[in-house]
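Enquirer: Which chain is which? The protein sequence lines are A and B, in order.
The first sequence runs 0 to 121 under numbering that gives the first Met the number 0.
The second sequence runs 0 to 651 under numbering that gives the first Met the number 0.
Keep in mind that a hint or two might mislead.
Calculated pairs, DSS-like style, for lysine-lysine (alpha carbon to alpha carbon, straight line, at most 30 Å) [to be verified]: (1) B/K397 to A/K104; (2) B/K524 to B/K410; (3) B/K185 to B/K144; (4) B/K482 to B/K345; (5) B/K178 to B/K123; (6) B/K565 to B/K514; (7) B/K104 to B/K155; (8) B/K49 to A/K107; (9) A/K116 to B/K144; (10) A/K39 to B/K280; (11) B/K123 to A/K104; (12) A/K39 to B/K188; (13) B/K144 to A/K120; (14) A/K120 to A/K107; (15) A/K1 to A/K91; (16) A/K91 to B/K78; (17) B/K168 to A/K39; (18) B/K104 to B/K349; (19) B/K429 to B/K406; (20) B/K144 to A/K39; (21) A/K91 to B/K155; (22) A/K91 to B/K168; (23) B/K159 to B/K144; (24) A/K104 to B/K78; (25) B/K429 to B/K280; (26) B/K429 to A/K91; (27) B/K49 to A/K91; (28) B/K155 to A/K104.
Derived DEER-like restraints, expressed as beta-carbon distance ranges [what the hints assert, rightly or not]: (29) A/M94 to B/D267: 48 to 58 Å; (30) A/T33 to B/E275: 47 to 57 Å; (31) B/K185 to A/A43: 56 to 66 Å; (32) B/I86 to A/H44: 48 to 58 Å; (33) A/A108 to B/E105: 47 to 57 Å; (34) A/T83 to B/E222: 31 to 41 Å; (35) B/R260 to A/A108: 20 to 30 Å; (36) A/A108 to B/A113: 38 to 48 Å; (37) A/T83 to B/K393: 53 to 63 Å; (38) B/D346 to A/T33: 28 to 38 Å.
FYI, nobody ran anything at the bench for these hints, they're computed from the structure.
All C-beta atoms, glycine included, are put in the ideal place defined by N, C-alpha and C.
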Amino acid sequence: MKSILIVEDSTTTRAMIRAVIEDAGDFEIVEAATGFDALKCLPAHNFDLILTDINMPDINGLELINFVRNDERFRPIPLIIVSTEKSEEDKKRGMSLGASAYITKPFKAKELQDMVKSLMKL
Amino acid sequence: MKGSEKEFIAEAEDILEESGRLLLEVQDTYKTGTNPDTVNALFRSLHTLKGLAGLFGYAAVTDISHALESLLDDIRLGKVDITEDIIQFLFKSIDTLRDIIAAVKEGGEPEVTAYLNDIESFRKSIARSAGLESLKGIFDEAMLKVLSDYEEHRLKANIKEGRGIYQVKTVFGLSDFDKSLENVSKSIKSIGELISTLPTSRNLPPDSIGFILLFGSLKPPAEIKKTINYDVSELLGPRVEASKPQEIKETSIKTTSTTVRVDIEKLDRILNTIGELTLAKGAVTRISAEMAENYGHNPFVIDMHKISQTLDRRLAELQDQVLEIRMVPIGQIFGRLSQVIRRYSKDVGKQIELAMYGEDTELDKYLAEEIIDPLVHIVRNAIDHGIEPPEVRKRKGKKEVASVYLKAFQKGNHVVIEVRDDGAGIDIEKIRQKAIEKGLIEKGMELQRREMIELIFMPGFSTKEVVSEVSGRGVGLDIVRDKLSALGGFADVETVKDAGTTFILTLPITLAIIKSLTVRVGGEKFAIPLTTISETLVIEHRNFQTIEGREVYNLRGVMLPMARLKTLFDIGADASERSFAVVVGFGERSIGLLVDELLGQHEIVIKSLGDYFKGLKGFAGAAEIGKHEVILVIDVESAIEESLKQKGLVHV
Numbered sequence: 000m001k002s003i004l005i006v007e008d009s010t011t012t013r014a015m016i017r018a019v020i021e022d023a024g025d026f027e028i029v030e031a032a033t034g035f036d037a038l039k040c041l042p043a044h045n046f047d048l049i050l051t052d053i054n055m056p057d058i059n060g061l062e063l064i065n066f067v068r069n070d071e072r073f074r075p076i077p078l079i080i081v082s083t084e085k086s087e088e089d090k091k092r093g094m095s096l097g098a099s100a101y102i103t104k105p106f107k108a109k110e111l112q113d114m115v116k117s118l119m120k121l
Numbered sequence: 000m001k002g003s004e005k006e007f008i009a010e011a012e013d014i015l016e017e018s019g020r021l022l023l024e025v026q027d028t029y030k031t032g033t034n035p036d037t038v039n040a041l042f043r044s045l046h047t048l049k050g051l052a053g054l055f056g057y058a059a060v061t062d063i064s065h066a067l068e069s070l071l072d073d074i075r076l077g078k079v080d081i082t083e084d085i086i087q088f089l090f091k092s093i094d095t096l097r098d099i100i101a102a103v104k105e106g107g108e109p110e111v112t113a114y115l116n117d118i119e120s121f122r123k124s125i126a127r128s129a130g131l132e133s134l135k136g137i138f139d140e141a142m143l144k145v146l147s148d149y150e151e152h153r154l155k156a157n158i159k160e161g162r163g164i165y166q167v168k169t170v171f172g173l174s175d176f177d178k179s180l181e182n183v184s185k186s187i188k189s190i191g192e193l194i195s196t197l198p199t200s201r202n203l204p205p206d207s208i209g210f211i212l213l214f215g216s217l218k219p220p221a222e223i224k225k226t227i228n229y230d231v232s233e234l235l236g237p238r239v240e241a242s243k244p245q246e247i248k249e250t251s252i253k254t255t256s257t258t259v260r261v262d263i264e265k266l267d268r269i270l271n272t273i274g275e276l277t278l279a280k281g282a283v284t285r286i287s288a289e290m291a292e293n294y295g296h297n298p299f300v301i302d303m304h305k306i307s308q309t310l311d312r313r314l315a316e317l318q319d320q321v322l323e324i325r326m327v328p329i330g331q332i333f334g335r336l337s338q339v340i341r342r343y344s345k346d347v348g349k350q351i352e353l354a355m356y357g358e359d360t361e362l363d364k365y366l367a368e369e370i371i372d373p374l375v376h377i378v379r380n381a382i383d384h385g386i387e388p389p390e391v392r393k394r395k396g397k398k399e400v401a402s403v404y405l406k407a408f409q410k411g412n413h414v415v416i417e418v419r420d421d422g423a424g425i426d427i428e429k430i431r432q433k434a435i436e437k438g439l440i441e442k443g444m445e446l447q448r449r450e451m452i453e454l455i456f457m458p459g460f461s462t463k464e465v466v467s468e469v470s471g472r473g474v475g476l477d478i479v480r481d482k483l484s485a486l487g488g489f490a491d492v493e494t495v496k497d498a499g500t501t502f503i504l505t506l507p508i509t510l511a512i513i514k515s516l517t518v519r520v521g522g523e524k525f526a527i528p529l530t531t532i533s534e535t536l537v538i539e540h541r542n543f544q545t546i547e548g549r550e551v552y553n554l555r556g557v558m559l560p561m562a563r564l565k566t567l568f569d570i571g572a573d574a575s576e577r578s579f580a581v582v583v584g585f586g587e588r589s590i591g592l593l594v595d596e597l598l599g600q601h602e603i604v605i606k607s608l609g610d611y612f613k614g615l616k617g618f619a620g621a622a623e624i625g626k627h628e629v630i631l632v633i634d635v636e637s638a639i640e641e642s643l644k645q646k647g648l649v650h651v
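Sequences and hints are given; from them, build the entire structure.
Expert: Spelled out as structure tokens, the structure:
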């Protein structure tokens with residue numbers, strides 16, 4: 000089964016993203032409420048996709064992307080930035096750090112589902 | 000024009016007005032740190048305008064407000080520091096938008112591509128100076144790329160404040176790194192600001208994780224190394240003289256977070272409650288006095304007396320504190336006026352240099368809002384008719400650029416606002432002709448210069464040369480005087496031919512709770528606001544003199560007109576040959592109100608007389624003065640007017 004990591008500090012948004020993805024297929028979904036949680040989860044799983052927010056309390060999404068892209072073990076994992084309209088500049092930076100795609104909150108369920116599927120080549 | 004378009008224009012004009020006001024606020028405060036809310040509000044108002052214009056399909060307005068919105072977004076996010084250049088540019092842009100709206104009103108929308116390019120290149124020119132590039136020479140580019148917008152902003156702010164920038168490299172076990180990291184973060188926060196925490200797994204065993212922590216601190220490197228038990232490397236040294244700016248920054252942050260905005264109505268309600276309490280306090284004081292009289296000074300009575308005194312003091316304090324909250328600097332109003340002057344002088348093609356004095360003078364918020372329309376009227380009047388066109392000024396040997404002075408100062412319990420122009424002055428001859436035409440005076444009637452000038456405040460009096468109906472607003476100077484009077488103030492004017500005109504508006508500092516003098520005339524009691532009183536006298540009637548059929552009293556060499564309240568209000572009075580005169584008004588507009596007895600001072604809350612008594616002249620309202628006794632409060636301004644009328648010179 001394909002495995003997906005959702006990094007998002009807002010419980011509601013996390014639950015919402017989870018529900019949308021679960022609707023798209025059968026996946027193992029791991030939730031991380033902070034960047035630190037994500038750092039701990041990463042080596043323990045074999046993720047096929049990461050979704051991350053940008054603004055989080057401990058380390059931000061950009062730092063997480065940078066970490067993922069600079070570690071041989073995680074480098075190939077596709078990564079989606081899920082962020083708000085406000086952080087346009089942050090999204091640009093995320094893309095230049097090696098994120099695969101970004102989606103702006105609020106988004107349509109289908110939009111995210113299509114993105115998830117195409118990045119995991121389903 | 001369709002109705003909806005009219006709505007668009009009206010709303011767009013409102014938004015621009017508000018934007019101009021906000022921008023002035025930014026201009027006033029940017030050197031000491033503008034409240035981020037102000038910049039935000041400015042951003043939002045242009046955002047609203049963009050949306051509105053988009054809705055109505057006005058491309059030029061949409062495009063320009065969009066471009067300005069982007070510029071303000073940069074400022075809002077701290078990417079760009081506010082400078083005088085930027086402020087001037089924004090002022091210019093708002094003026095451009097006004098011009099476009101004016102063109103829309105006429106049915107067309109101008110081509111603005113060139114101006115859009117101007118905005119864009121201006122934005123680029125300032126964005127460059129403060130962009131990420133400025134950090135590139137100092138920091139590792141790979142690290143900069145990872146900073147979020149906000150972290151970058153913090154990094155720059157730290158540098159600006161002169162803090163040194165350091166980094167700490169740590170390695171922890173993957174399973175429990177958060178605890179250890181927490182400790183490092185804590186020690187960093189004790190000496191500075193943690194800007195970014197950057198995780199890395201490079202060249203590390205799989206069960207461990209490394210972090211680079213970026214932080215700013217003012218502390219000397221030795222102290223930093225002592226506090227943090229890891230290898231600290233300095234990326235940028237602290238600026239030595241930097242301790243001061245940091246303090247300023249800290250206080251300014253504090254100010255924003257401790258300020259609350261309160262609806263003035265809520266303060267009004269508090270003041271009303273205080274007013275009621277003041278009445279209750281009056282009752283306590285009275286009872287305490289009665290008890291002392293009836294039972295002597297026994298311990299209970301003394302206790303009661305003490306309590307009543309404490310109550311008295313604390314209530315006065317409370318009242319002062321609430322009144323202080325309502326105070327705003329008059330600079331706020333001057334700022335709005337300066338916008339009117341800028342725009343209006345441009346419209347009529349007259350160059351005006353504006354000077355403002357005493358902007359720090361404080362005034363009750365309510366009064367400040369109420370006085371703005373009269374001031375706008377006076378200012379536009381001055382520009383329209385006071386100030387001559389440049390060519391005329393040149394001929395007269397005056398500077399082509401005219402001057403308008405706005406001046407405010409406190410005078411006792413009043414705030415005086417002067418609007419002075421160096422224009423042509425009021426033409427007395429023209430007033431005379433107009434007054435005769437309007438039937439305000441009779442032909443051949445001789446008036447003193449002062450009385451002639453007074454005519455401009457009469458209802459319906461308007462000459463092109465002297466007073467204008469401002470741009471169809473139908474406001475005359477009589478409205479100005481009425482407004483002032485309703486606020487418990489006075490309007491006066493001084494004019495010198497070819498040297499200019501000065502309007503002098505005198506307002507009470509506050510009008511919520513006022514001190515008043517209670518007087519008796521026959522069987523009636525009245526309250527006269529203390530703020531209008533300059534002195535009281537005891538006068539023997541035989542010392543009156545009569546000039547032009549009017550009773551006057553020689554008060555230290557000045558002939559003071561006397562007004563008998565009993566005549567004014569047609570009531571009975573004591574048949575004494577001795578009266579008290581309460582001298583009210585200011586300067587040449589002073590009169591003595593004759594009353595039978597001075598009963599003492601009260602703090603009163605003036606209540607309106609209600610619609611039933613609307614149109615009743617001479618009273619500002621009614622007030623309760625203890626023991627459920629309600630008395631009328633005299634409207635001094637209208638009493639002065641009434642008594643001047645009665646001398647028979649001016650027939651209305």
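Enquirer: Evaluate each hint against the coordinates.
Expert: Comparing the hints with the structure gives:
1. B/K397 to A/K104: 64 Å, violated
2. B/K524 to B/K410: 29 Å, holds
3. B/K185 to B/K144: 25 Å, holds
4. B/K482 to B/K345: 28 Å, holds
5. B/K178 to B/K123: 44 Å, violated
6. B/K565 to B/K514: Status holds; Cα separation ~23 Å.
7. B/K104 to B/K155: 45 Å, violated
8. B/K49 to A/K107: 26 Å, holds
9. A/K116 to B/K144: Within the cut-off at roughly 29 Å; holds.
10. A/K39 to B/K280: 68 Å, violated
11. B/K123 to A/K104: Distance of about 29 Å is within 30 Å: holds.
12. A/K39 to B/K188: Holds - the C-alpha atoms of B/K188 and A/K39 are around 24 Å apart, at most 30 Å.
13. B/K144 to A/K120: Status holds; Cα separation ~29 Å.
14. A/K120 to A/K107: 20 Å, holds
15. A/K1 to A/K91: 28 Å, holds
16. A/K91 to B/K78: It holds: about 16 Å lies between the C-alpha atoms, which stays within 30 Å.
17. B/K168 to A/K39: 19 Å, holds
18. B/K104 to B/K349: 23 Å, holds
19. B/K429 to B/K406: The given pair, whose Cα atoms are some 28 Å apart, holds under the 30 Å limit.
20. B/K144 to A/K39: Given that 30 Å is the threshold and the Cα spacing comes to 23 Å, the pair holds.
21. A/K91 to B/K155: It holds: about 20 Å lies between the C-alpha atoms, which stays within 30 Å.
22. A/K91 to B/K168: Holds, at roughly 27 Å.
23. B/K159 to B/K144: 20 Å, holds
24. A/K104 to B/K78: 24 Å, holds
25. B/K429 to B/K280: Violated, at about 56 Å.
26. B/K429 to A/K91: 70 Å, violated
27. B/K49 to A/K91: Given that 30 Å is the threshold and the Cα spacing comes to 25 Å, the pair holds.
28. B/K155 to A/K104: Judged against 30 Å, a Cα distance of about 28 Å means the pair holds.
29. A/M94 to B/D267: 48 to 58 Å: 54 Å, holds
30. A/T33 to B/E275: 47 to 57 Å: 55 Å, holds
31. B/K185 to A/A43: 56 to 66 Å: Violated: the Cβ-Cβ distance is about 27 Å, outside 56 to 66 Å.
32. B/I86 to A/H44: 48 to 58 Å: Between B/I86 and A/H44, where Cβ atoms are some 54 Å apart, the hint holds.
33. A/A108 to B/E105: 47 to 57 Å: Distance hint for A/A108, B/E105 holds at roughly 49 Å.
34. A/T83 to B/E222: 31 to 41 Å: Given about 40 Å between the Cβ atoms, the range holds.
35. B/R260 to A/A108: 20 to 30 Å: 40 Å, violated
36. A/A108 to B/A113: 38 to 48 Å: 45 Å, holds
37. A/T83 to B/K393: 53 to 63 Å: 60 Å, holds
38. B/D346 to A/T33: 28 to 38 Å: 59 Å, violated
Checked against the numbered hints given earlier, the structure breaks hints 1, 5, 7, 10, 25, 26, 31, 35, 38 and satisfies all the rest.
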